[in-house]
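Chains as they are written, first to last, in our numbering: chain A, 1 to 103; chain B, 1 to 298.
Watch out, some of these pointers could steer you wrong.
Keeping only pairs whose Cα atoms sit at most 25 Å apart, straight-line, the calculated SDA-like set for lysine to any residue is [to be verified]: (1) A/K23 to B/V29; (2) A/K33 to B/L36; (3) A/K33 to B/A49; (4) A/K79 to B/Y68; (5) B/K26 to A/S62; (6) A/K23 to B/A4.
No wet-lab data here; the hints were simulated from the structure.
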Amino acid sequence: MEAEQLKGHLDGLVLAVIAGEPKHGYAVIEALKVRSQGRLDLPEGTVYPALHRLEHNGLLASEWSDTGRRRRVYRLTNKGERELGIRRRRWLEFASTIEAVLT
Amino acid sequence: MTDATQYLNDLDAQLARAGIRGARRKRIVTEFADHLSCDPDAALGDPTALATQFADELGTTFARTAAYQAFVALALAGILVVVRAVALLPLTTNDFGTAETVSLLISAVAAQVALVAGGLGLLRAHQLRGRGTIPREEASVLARRAGIGLATGVVTILAFPLSQAYRAHPGAAVIGSHTTNLWWPLASAAGVVMLVAAAPAVVRAARLRPHTAGPAGDLLADLGPLQPVAARIASGSVNRLAFIIAAGLAIVTALAGVAANDPYDGVLRGLLEGGAFLGGYAVLGRYLGIRRREPHDV
Chain A
1 MEAEQLKGHL DGLVLAVIAG EPKHGYAVIE ALKVRSQGRL DLPEGTVYPA LHRLEHNGLL
61 ASEWSDTGRR RRVYRLTNKG ERELGIRRRR WLEFASTIEA VLT
Chain B
1 MTDATQYLND LDAQLARAGI RGARRKRIVT EFADHLSCDP DAALGDPTAL ATQFADELGT
61 TFARTAAYQA FVALALAGIL VVVRAVALLP LTTNDFGTAE TVSLLISAVA AQVALVAGGL
121 GLLRAHQLRG RGTIPREEAS VLARRAGIGL ATGVVTILAF PLSQAYRAHP GAAVIGSHTT
181 NLWWPLASAA GVVMLVAAAP AVVRAARLRP HTAGPAGDLL ADLGPLQPVA ARIASGSVNR
241 LAFIIAAGLA IVTALAGVAA NDPYDGVLRG LLEGGAFLGG YAVLGRYLGI RRREPHDV
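Extracted from the complex, chain A is given alone in its bound form (with noise of 0.2 Å):
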């Protein structure tokens, strides 16, 4: 799956990712590789400027861990957890429709 066709998804799924438990910039890519078992094809640089995009947006929360390493921490706000319901209910009700037509 390219770049492109995760337009208008990359924030859900990041979001997605992170409400697990709080994760660094590159613990948040392999978790995307992970989870899509290796189907997202996005180049990972492009995470960050959504990272702190959503951070900016009040639906990330970060700071820095020292635990042997200097590194950025995120973790899912409040608001971050209601906005990913939100997105899980659109595509859940998108994709249940879709398939209906197509199958």
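Once you've looked at the hints, dock chain B against the given chain A.
The following block gives chain B in isolation, referenced to the frame of chain A:
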């Protein structure tokens, strides 16, 4: 120099070129350094493209935030201006000298500019809310509307207190004759604090703007779902729409004068109101993205 170090230096330079400064740039480079230390072979992407993406995404969100924050600050300051007006109600026209009259006139004009700039900023930000990236020119319009709104908001609030400071004999000034009335100075100070608190968001939006090229919309684009109706009424011309709004303002103001049994004064004020609107449109229309810039200006 290792490949990773070279990459991080390139990224740092490109982020600087894209307008990303200070702590944010340092943070981004640190995050990428951490990523490369986890996976030295990671395909992070071209530094120039990444810097542009950061500028586009953050510039877009900064511009929208500036518009929203400016509007909220103006709305709260507007409430405080009303509180101040109520606190000043006990004053009679005898208390007003030239300084107060001029200051109130300046306040009246500045308040209307603040209302229009802040309100249109909110409208444009709302119309652009679903867009991941907006053109640089649109972001500039949002930042300008927010900036002009806040600046004229401060003028609205400070004009009257400054008229008091201007008085040669403080004892004769309104502030001197109403020293027991603390509401209006407090409301003025709180209003200025509200507006100044929103200024950093505007500065941030002005300093980091998206790189994506493209024209900004005009007054019709601000109207969203009402655009087709407004375009039909004004035959698609923003200038004509401005004339219609000015005429509407003039008529409403004149009718208010008639209702108050002062038709002559009402008509005069209506003409002034409509004229002031058109004057503001002519002077600030292009700068605030109310009418389109000519192609060579884009």
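For a quick check of understanding: which of the numbered hints are violated here, in increasing order?
none
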